[in-house]
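2 protein chains.
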Amino acid sequence: MVFIDACFRKKTPYTPVWLMRQAGRYLPQYMKVREKAGDFLSLCKNPELAAEVTLQPVEILGVDAAILFSDILVIPLEMGMELRFEKGEGPVFPKPVRTMEDIDALYEFPEERLTYVYETIKLVKKRLPKDKALIGFAGSPWTIATYMVEGGGSKSYAAIKKKVYSEPEFMHALLIKVAEAIKAYLIKQIESGADAVQIFDSWASALEKDKFFEFSWDYMVEIAEFIKERYPHVPVILFPKGIAGYLDGIYGKFDVFGVDWGTPMELAKEKLGDRYVLQGNLEPARLYNRDETRVGVEKIIEVMGAKEGHIFNLGHGMMPDLPVENAKYLVELVHDLTRR
Amino acid sequence: MVFIDACFRKKTPYTPVWLMRQAGRYLPQYMKVREKAGDFLSLCKNPELAAEVTLQPVEILGVDAAILFSDILVIPLEMGMELRFEKGEGPVFPKPVRTMEDIDALYEFPEERLTYVYETIKLVKKRLPKDKALIGFAGSPWTIATYMVEGGGSKSYAAIKKKVYSEPEFMHALLIKVAEAIKAYLIKQIESGADAVQIFDSWASALEKDKFFEFSWDYMVEIAEFIKERYPHVPVILFPKGIAGYLDGIYGKFDVFGVDWGTPMELAKEKLGDRYVLQGNLEPARLYNRDETRVGVEKIIEVMGAKEGHIFNLGHGMMPDLPVENAKYLVELVHDLTRR
Numbered sequence: 011m012v013f014i015d016a017c018f019r020k021k022t023p024y025t026p027v028w029l030m031r032q033a034g035r036y037l038p039q040y041m042k043v044r045e046k047a048g049d050f051l052s053l054c055k056n057p058e059l060a061a062e063v064t065l066q067p068v069e070i071l072g073v074d075a076a077i078l079f080s081d082i083l084v085i086p087l088e089m090g091m092e093l094r095f096e097k098g099e100g101p102v103f104p105k106p107v108r109t110m111e112d113i114d115a116l117y118e119f120p121e122e123r124l125t126y127v128y129e130t131i132k133l134v135k136k137r138l139p140k141d142k143a144l145i146g147f148a149g150s151p152w153t154i155a156t157y158m159v160e161g162g163g164s165k166s167y168a169a170i171k172k173k174v175y176s177e178p179e180f181m182h183a184l185l186i187k188v189a190e191a192i193k194a195y196l197i198k199q200i201e202s203g204a205d206a207v208q209i210f211d212s213w214a215s216a217l218e219k220d221k222f223f224e225f226s227w228d229y230m231v232e233i234a235e236f237i238k239e240r241y242p243h244v245p246v247i248l249f250p251k252g253i254a255g256y257l258d259g260i261y262g263k264f265d266v267f268g269v270d271w272g273t274p275m276e277l278a279k280e281k282l283g284d285r286y287v288l289q290g291n292l293e294p295a296r297l298y299n300r301d302e303t304r305v306g307v308e309k310i311i312e313v314m315g316a317k318e319g320h321i322f323n324l325g326h327g328m329m330p331d332l333p334v335e336n337a338k339y340l341v342e343l344v345h346d347l348t349r350r
Numbered sequence: 011m012v013f014i015d016a017c018f019r020k021k022t023p024y025t026p027v028w029l030m031r032q033a034g035r036y037l038p039q040y041m042k043v044r045e046k047a048g049d050f051l052s053l054c055k056n057p058e059l060a061a062e063v064t065l066q067p068v069e070i071l072g073v074d075a076a077i078l079f080s081d082i083l084v085i086p087l088e089m090g091m092e093l094r095f096e097k098g099e100g101p102v103f104p105k106p107v108r109t110m111e112d113i114d115a116l117y118e119f120p121e122e123r124l125t126y127v128y129e130t131i132k133l134v135k136k137r138l139p140k141d142k143a144l145i146g147f148a149g150s151p152w153t154i155a156t157y158m159v160e161g162g163g164s165k166s167y168a169a170i171k172k173k174v175y176s177e178p179e180f181m182h183a184l185l186i187k188v189a190e191a192i193k194a195y196l197i198k199q200i201e202s203g204a205d206a207v208q209i210f211d212s213w214a215s216a217l218e219k220d221k222f223f224e225f226s227w228d229y230m231v232e233i234a235e236f237i238k239e240r241y242p243h244v245p246v247i248l249f250p251k252g253i254a255g256y257l258d259g260i261y262g263k264f265d266v267f268g269v270d271w272g273t274p275m276e277l278a279k280e281k282l283g284d285r286y287v288l289q290g291n292l293e294p295a296r297l298y299n300r301d302e303t304r305v306g307v308e309k310i311i312e313v314m315g316a317k318e319g320h321i322f323n324l325g326h327g328m329m330p331d332l333p334v335e336n337a338k339y340l341v342e343l344v345h346d347l348t349r350r
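The listed protein sequences derive, respectively, from chains A and B. Those letters in the first sequence? Residues 11 to 350, by this note's numbering. Those letters in the second sequence? Residues 11 to 350, by this note's numbering.
These are calculated hints, taken from the structure and not from any lab test. Please note: incorrect hints may appear among the correct ones.
The list treats identical chains as one, so a pair stands whether inside a single copy or across any two.
[Unchecked claim] The calculated DSSO-like cross-link candidates involving lysine-lysine, where the alpha carbons are at most 30 Å apart (straight line), are:
#1 172 <-> 140
#2 165 <-> 46
#3 338 <-> 136
#4 317 <-> 21
#5 309 <-> 172
#6 172 <-> 279
#7 338 <-> 97
#8 309 <-> 279
#9 317 <-> 193
#10 21 <-> 97
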């Protein structure tokens with residue numbers, strides 16, 4: 011598989027490409043399946059329909075990898091937390107985790123309840139062309155914990171920051187519990203057929219440098235190393251969003267570093283390109299316009315040199331109103347410009 | 011004034027300190043005045059009460075500078091846009107700017123209508139001790155324009171990004187109009203008595219590197235240079251939030267670069283410390299805890315060396331639930347640790 015080879019810096023006929031949130035609302039075909047499923051969580055829990063939307067971007071865009079359709083919040087959901095997706099508001103946990111007792115009350119083995127995810131993976135693998143990879147994923151302990159403590163999305167992260175600075179022992183107790191669940195969950199995804207796994211730290215940028223390493227990165231690396239010890243042939247991708255200022259501290263055994271669009275590719279290459287394959291990092295909003303898409307793609311490929319060590323991706327997820335034809339154009343352009 | 015001397019890297023007896031959003035909800039004394047005023051905008055428009063809250067942190071915390079109490083959105087307000095501050099939602103412009111006609115309809119000289127701000131400045135200057143500075147301010151054209159186009163706060167910035175990538179001529183027309191107003195507004199603040207001015211680019215991080223320089227930084231520098239030509243003795247402080255990855259591109263004639271907490275001070279010092287005085291950058295959430303406050307302050311002072319070239323500040327605004335006593339402790343600690 012081109013994608014898997016690229017993760018290990020092996021020679022590939024071209025630079026592979028996939029797009030974060032490639033299975034999503036910008037695709038009319040996705041919207042149809044979503045309607046059939048009912049709400050968002052019902053879609054995540056329905057292996058047949060989740061497999062269908064997972065496969066759509068491979069067929070429609072020609073990307074080199076599918077990524078499991080699911081949500082990072084299925085972990086706290088299956089730890090027993092009530093979870094609602096409210097219109098315009100995003101995910102809401104009406105009863106956030108705020109005390110040690112709340113942590114103790116969380117079910118320890120959510121991975122046992124996530125069978126619908128493993129079923130989805132199995133269905134996708136049956137139908138996916140042999141040369142395309144399937145990426146499994148999880149949220150990072152920090153990002154998941156932030157939702158659990160804040161009770162949903164947040165602008166100021168006031169609740170969890172108060173914990174970070176005043177009750178670090180509470181934070182670590184929660185992070186350890188979530189990290190253990192993620193380890194088991196990703197292992198089960200791999201055993202069900204995932205060819206690679208990515209850990210999304212969407213809220214990395216909520217933490218200053220020292221605290222980022224203590225409360226987020228250390229846990230991500232621990233999970234990555236746990237997986238690499240057991241499945242060295244499965245690439246592990248880490249994606250911490252918004253930490254361009256912390257690249258000097260990046261360490262650990264994993265394969266691919268996901269570069270967000272706020273981190274210039276030159277900078278990522280200079281600091282990390284020797285040690286990790288880099289994935290990224292087109293600003294998704296460039297897809298609003300075809301010329302801007304082309305200029306952005308060309309610039310990234312110029313920096314990365316159309317050779318090994320790079321997987322093309324967006325620097326963040328697809329936005330719901332981006333035109334599909336520009337996403338298709340992007341995939342073709344990357345393949346054309348990097349063919350060797 | 012220690013603060014003004016420090017802006018020009020002159021010798022000072024200690025490192026001066028002030029805190030972004032130091033006049034605000036974390037102060038019970040502020041809440042009292044706020045209640046008297048009614049809503050937030052009424053407080054901004056009432057020079058007597060606005061002056062009172064501007065002065066409070068100087069008296070309560072002992073900071074070296076007061077900053078005008080106002081809001082960056084008074085510019086679009088006085089350009090004729092309807093503006094509401096909704097509970098929990100933040101500022102809302104029910105009729106956002108979306109077309110060239112919308113731009114044309116904006117009143118060109120909002121600075122003429124902002125007399126309540128100049129009155130506030132005059133009142134503050136009368137009452138402020140002679141050794142304390144008064145900082146005037148404005149939002150950056152980009153940050154103000156983002157509110158105007160999005161119609162309020164935004165997570166994805168989808169509306170304005172669509173403009174950036176598909177209608178750059180619309181964006182520049184709007185930015186030019188806003189930038190011209192800001193120039194005149196800041197000049198009038200200086201002529202009313204402001205000793206220094208700061209431009210807040212709170213949403214700098216919404217833009218990838220190239221676009222940041224084209225749609226935000228270039229305009230900020232233009233305003234800074236306009237002011238420096240006319241009032242060379244008035245320090246200009248620029249504060250772009252969340253662009254740790256773009257420091258290589260920073261240029262322009264201004265005096266002080268505001269460092270947010272996501273940009274490690276070592277990095278800012280290495281990249282910019284020779285050319286600009288640096289202001290910052292304690293993570294405000296450290297103030298939740300006294301020990302964490304001390305550790306954070308000591309680390310920053312260690313990096314900046316308790317000498318010229320540094321103004322101590324937070325790396326973002328005070329949060330509403332931070333304890334006042336820790337803010338006081340911070341100010342004393344900075345003065346004590348840097349006395350020379």
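Each hint tested on the structure:
no. : hint        : result
1   : 172 <-> 140 : neither (48 Å within a copy, 37 Å between copies)
2   : 165 <-> 46  : between (33 Å within a copy, 28 Å between copies)
3   : 338 <-> 136 : within (24 Å within a copy, 64 Å between copies)
4   : 317 <-> 21  : within (8 Å within a copy, 53 Å between copies)
5   : 309 <-> 172 : between (41 Å within a copy, 20 Å between copies)
6   : 172 <-> 279 : between (35 Å within a copy, 28 Å between copies)
7   : 338 <-> 97  : within (29 Å within a copy, 42 Å between copies)
8   : 309 <-> 279 : both (13 Å within a copy, 29 Å between copies)
9   : 317 <-> 193 : neither (32 Å within a copy, 48 Å between copies)
10  : 21 <-> 97   : neither (45 Å within a copy, 56 Å between copies)
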